[in-house]
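In order, the protein sequence lines correspond to chains A and B. According to this note's numbering, the first sequence is numbered sequentially starting from 1. According to this note's numbering, the second sequence is numbered sequentially starting from 1.
Keep in mind the hints are simulated off the structure, nothing from the lab. All figures in this text were calculated on a predicted structure; none of them were measured in a lab. Where a beta carbon is used, it is the ideal one built from N, C-alpha and C, also for glycine. A couple of the hints might just be wrong.
Label-pair restraints from in silico Cβ distances [what the hints assert, rightly or not]: (1) A:Glu28 x B:Tyr93: 21 to 27 Å; (2) B:Lys81 x A:Ala98: 28 to 34 Å; (3) A:Gln17 x B:Asn21: 39 to 45 Å; (4) A:Gln41 x B:Thr106: 14 to 20 Å; (5) B:Phe29 x A:Asn51: 24 to 30 Å; (6) A:Leu55 x B:Pro109: 43 to 49 Å; (7) A:Asn51 x B:Lys81: 36 to 42 Å.
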Amino acid sequence: DTGVSQNPRHKITKRGQNVTFRCDPISEHNRLYWYRQTLGQGPEFLTYFQNEAQLEKSRLLSDRFSAERPKGSFSTLEIQRTEQGDSAMYLCASSLEAPVPTGGWRETQYFGPGTRLLVL
Amino acid sequence: GQNIDQPTEMTATEGAIVQINCTYQTSGFNGLFWYQQHAGEAPTFLSYNVLDGLEEKGRFSSFLSRSKGYSYLLLKELQMKDSASYLCAVRVYAGKSTFGDGTTLTVKP
Chain A
1 DTGVSQNPRH KITKRGQNVT FRCDPISEHN RLYWYRQTLG QGPEFLTYFQ
51 NEAQLEKSRL LSDRFSAERP KGSFSTLEIQ RTEQGDSAMY LCASSLEAPV
101 PTGGWRETQY FGPGTRLLVL
Chain B
1 GQNIDQPTEM TATEGAIVQI NCTYQTSGFN GLFWYQQHAG EAPTFLSYNV
51 LDGLEEKGRF SSFLSRSKGY SYLLLKELQM KDSASYLCAV RVYAGKSTFG
101 DGTTLTVKP
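For reference, chain B alone in the conformation it holds in the complex (with noise of 0.2 Å):
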């Protein structure tokens, strides 16, 4: 089966660094996503990593460590936008990619 394990909610200061994490357990790896996911929005695609370490795109980074399976995404200078729900999803294979449940992220002033 495929395993992916996310904290279920954090809570983080405006203008603040928040770093969520994923572990996965899955039968293949193809590549690991980040979406965010606004209440009642679909998931809209943030970063994606197939090698280790770090890739970088503005506020957001994200890591990966393959011998670890073990992910985080690094958001910097939060805003009150960033409030969502973060996806954190592997690519088992062609076609087939499983995704956690999502952390939910409160921004608070």
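Next up, chain A with everything else stripped away, as it sits in the complex (with noise of 0.2 Å):
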């Protein structure tokens, strides 16, 4: 399977307990995403990756979170003392931008399958 692959793929906790997932790109893709999806809501930025740098992180991300990627090829998240307010799904994305035809380039994210975190 060449697509985005993400683990844990369910992860329960404990409040106060620090969680780390990863995200595992498409092998060519240059961008990787982070996302934090609620049920009914649509996907909420929370950072993201060209290469190894981390070019902008949400303002709604605390200080507990940070995320990392080293040699520009897998990232991980990582929620220190974890909150009740913090059970969501996290999902990656990877991308490359790809000329087009018409001019211009394009971009299309793939997700992986997400993280499902349950704070209790």
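Two independent chains are provided; combine them into the complex using the hints.
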């Protein structure tokens, strides 16, 4: 399978514990995104990497959240001192910008299956 | 801020045609995407529009009017498996996309 993979698929933790999620993007994709999604809402942007550089981080992301992408390959998202409000689906997506025949560039994000976090 | 509006829910009959509208007001625009998301699963890419007009792809078509900040997704010959949430997303600039909350489509026999 050459798609985006995420591990674990499900995580149950107690409030106050730290959790770490992993995302393996499509190998030739240089951009990697993390989103959070709760029931009935669309994906909410958290952060974005181009290769190993973290270029943008949502202001909604507290200091308890940190993401890394060492060597520009896989990425990890860590949540420290989890709170019940952190319960959500955490989605990773990767993309590669490509030229469009009519001019300009096109970027399509391909999503992984997500990690569903439940904080008790 | 970024604002994307879609109807929350729609219902249609198997075999019919349905149009899901999306209006947006964003600080930038570099393309509009439609994704399909089945319950408990990740979004999957359906279509991309960056220029005005209609893009057709099998049973699915997507339309964009940049001057009106408006797009729609047209689904023809509806099937039961098309019951899902449909997400409109605007690529505001490279690396930043904003998603609507999705339209839950229910297809009835």
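The hints, checked one at a time:
no., hint, result
1, A:Glu28 x B:Tyr93: 21 to 27 Å, "22 Å, holds"
2, B:Lys81 x A:Ala98: 28 to 34 Å, "29 Å, holds"
3, A:Gln17 x B:Asn21: 39 to 45 Å, "43 Å, holds"
4, A:Gln41 x B:Thr106: 14 to 20 Å, "19 Å, holds"
5, B:Phe29 x A:Asn51: 24 to 30 Å, "25 Å, holds"
6, A:Leu55 x B:Pro109: 43 to 49 Å, "48 Å, holds"
7, A:Asn51 x B:Lys81: 36 to 42 Å, "37 Å, holds"
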